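**Student:** So the chains spell out like this:
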Amino acid sequence: MSLKSYIVARLALTVPMLLILVTVVFVIVRILPGDPVLLHFGKQITPEAAEQVKHALGLDVPLYVQYTNYLSDLIRGQLGTSFSNYEPVSRQIFSAFPATIELTIYSMLVAIVIGITFGVRASRKYGSAEDTGFRTYAIVSYAIPVFFLGLIMQATFAVGLHILPATGRVSAGNIPQGADFMGVHIQTGLYTIDSLLAGNLNQFIDALKHLILPSLTLGIALSGVFVRITRSNMLDILNQDFVTAAKARGLKERTILYSYGLRNALLPVLTVTGLQFAALLGGAILTETTFAWGGLGTYLFRTIQAYDYTAIQGAVVFFGILVAFVSLVVDALYAYLDPRIKY
Amino acid sequence: MKKTSTVAGILKPRIFWFFNLPRLGTGGKMVTLGIGIVVFMIAMTTLAPFIAPHNPGQINIGPIASPPNTQFPMGTNHLGQDIFSRIISGGAIMMQVAILSVIICITVGVPLGLAAGYTRGIGDRVASLAMDSLYAFPGLVLAIAIASVLGTGVVNLAISIAVVYIPSYFRVVRSQVLSLKELPFVEAVKAAGGSIANILFKQILPNVVPSIAAIASINVADAVLTEAGLTYLGLGPNVSLPDWGWDIFYGKNLFFSGAWWAWTFPGLMIVVLAAGFTFIGEGLSEIWSPKLQEQG
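Residue numbers (our numbering), protein chains in the order written: chain A, 550 to 892; chain B, 36 to 331.
These are calculated hints, taken from the structure and not from any lab test. Owing to the predicted nature of the structure, the values given are computational and were not obtained by experimental measurement. Hints may contain errors.
Short, incomplete list of chain A residues facing chain B, as computed with Cβ under 8 angstroms [what the hints assert, rightly or not]:
| # | residue |
| --- | --- |
| 1 | P565 |
| 2 | A704 |
| 3 | I834 |
Listed next, the stretches of chain A that the computed footprint assigns to chain B, with coverage defined by at least 3 CB atoms under 8 angstroms from CB atoms of chain B [what the hints assert, rightly or not]:
| # | region |
| --- | --- |
| 4 | 566 to 574 |
| 5 | 687 to 695 |
| 6 | 844 to 855 |
| 7 | 872 to 882 |
Each pair of labels, with its calculated beta carbon distance range [claimed, not checked]:
| # | chain 1 | residue 1 | chain 2 | residue 2 | range |
| --- | --- | --- | --- | --- | --- |
| 8 | A | Q789 | B | V161 | 36 to 46 angstroms |
| 9 | A | F874 | B | P146 | 25 to 35 angstroms |
| 10 | B | I86 | A | D887 | 31 to 41 angstroms |
| 11 | A | T572 | B | A248 | 44 to 54 angstroms |
| 12 | A | F874 | B | T142 | 30 to 40 angstroms |
| 13 | B | S275 | A | H734 | 50 to 60 angstroms |
| 14 | B | V161 | A | T681 | 38 to 48 angstroms |
| 15 | B | I86 | A | Q601 | 50 to 60 angstroms |
Virtual Cβ for every residue (Gly too), placed ideally from N, Cα, C.
The whole structure should be built from the sequences, with the hints applied where relevant.
**Tutor:** Below is the structure:
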């Protein structure tokens, strides 16, 4: 099987997986006990008004019709209408999405850099006090609730030392607008990129300053897994014959560690990166809530507070599609990078 | 019984390892430390009514948001409650939810994994596909969806968290069954006409127990963190009982007034509890993972 047909087969498997996921979410939100409309409006709604709301939201038809409507809407990219303000959920999600992507990209970078640096050092000093230290770091950073770490960061660097902003993505009224490129307006919603496109260095620094605490928080919380996987893979590889041969030939420790060890230990790290993306999104929800970061996490938090069921359902489905897509990309990348993989 | 002796032979060193823990290297030390932390936490929470200096629910027992002092060693919160007493008793709900969710996971995930791995066929395919799609999903997001619909009692929260982690048990058990069922001692029981129940529960299950134990302890840590996260998002159970999660939730309102004690102590307790379970899980997998043993 060629790489292309592997990707097609993998894609074909993603479809039933998504269908199961979407169905599970539908079952949870629509079929489990509890009337979403009554929960949302509490007791302040008359039965007649409740019926009207249900009709407007398409909740008054039989369940199987609701289900097929829901699926056909999904295929057309529609995630339903918000309970709270009758806006399309997909529009709300797309406007919150760039903030989350920006946060997750930088956090993933932090996690990988910490994970690889610590993991390589721990494997070099296997069994030493330093190794124990790195392993303890891995466990404690895994065990720390991400919002608690966020609060510590804010208390230390924002409230205590006043060197970094505590909340938000930019200073008030300083939203980067992107730039026009060959007559087309380009605005990604990623503030670090938009500010650079606009050539506004001050805005870039402002956006970066706001990014530091949230991405360090989420990055550190995730880094434990990377330290562990890098360390155990490095130990695996450093024990192999070709490394012993390299040592016997008198190669420098640095060369052995990085060109022989790390290069081969990186593939499993890639797999973990794919798997951790789901955890990253979960952590992003809590990090965003802590840092008032206006992304999907904050959106989800708001919709929970408002019992806005269509929006919760839409956001959850969107997260599912996103994770499925990322794991597809990671698998394809993995297959491309490791020629030993048999499809 | 002759035929179970093979299994007992495999299990024996694993049952008695507990007394040998300190001799089992780093892994053993990690497990010992983890068990120590967890036992301490459980004892503290259970004995809370006897050792807490004040009633943890009593409001205005001291001044509002008072910093730590000799009378209130960890200060008081926004309602003038004694934080130290709340720390001592505030782990109960969290631990109940976490442990209940692991019990649910094991009762659902393990039999499913055993059945799917042993029978293969269409049922296995469907179950695997469903489990894989759940496994790939952001746990917290799914738990939020379930908790916000089911409501936020201890049992409901445990269910919301359990759904997310069932696939981990299913996958591990299934893949181990696939290799175990080809082994001679299982073949022998099969040839002797042993029932499927005998093969699954008496021959295969005991050999899967170590992996289940390792996943379960990491899983309790995850469940504690997920429960804390749900509470932080306002989806926690009974707000009237002392709970570390709720204390952070409300403590952060005092954040900008500089009352660090209101959220720091409950946060640290969650870290210690989750780390305790993680130490056990990490240590167990190190003791039982042949790959690392060779290196150690």
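**Student:** Confirm or reject each hint.
**Tutor:** Each hint, compared with the structure:
1. P565: 6 angstroms, holds
2. A704: 6 angstroms, holds
3. I834: 6 angstroms, holds
4. 566 to 574: Holds, because 6 residues of the region 566 to 574 of chain A bring their Cβ atoms closer than 8 angstroms to Cβ atoms of chain B.
5. 687 to 695: Held - the region 687 to 695 of chain A has 7 residues with a Cβ nearer than 8 angstroms to chain B, which meets the minimum of three.
6. 844 to 855: Holds, because 4 residues of the region 844 to 855 of chain A bring their Cβ atoms closer than 8 angstroms to Cβ atoms of chain B.
7. 872 to 882: Answer holds; 3 residues pass the 8 angstroms Cβ test.
8. Q789(A) to V161(B): 36 to 46 angstroms: 40 angstroms, holds
9. F874(A) to P146(B): 25 to 35 angstroms: Given a distance of about 33 angstroms, which is inside 25 to 35 angstroms, the answer is holds.
10. I86(B) to D887(A): 31 to 41 angstroms: This hint is violated: roughly 56 angstroms between Cβ atoms.
11. T572(A) to A248(B): 44 to 54 angstroms: Hint violated: Cβ distance 33 angstroms, outside 44 to 54 angstroms.
12. F874(A) to T142(B): 30 to 40 angstroms: 33 angstroms, holds
13. S275(B) to H734(A): 50 to 60 angstroms: 53 angstroms, holds
14. V161(B) to T681(A): 38 to 48 angstroms: Given range 38 to 48 angstroms: holds, Cβ gap about 45 angstroms.
15. I86(B) to Q601(A): 50 to 60 angstroms: With a Cβ separation near 56 angstroms, I86(B) and Q601(A) satisfy 50 to 60 angstroms, so the hint holds.
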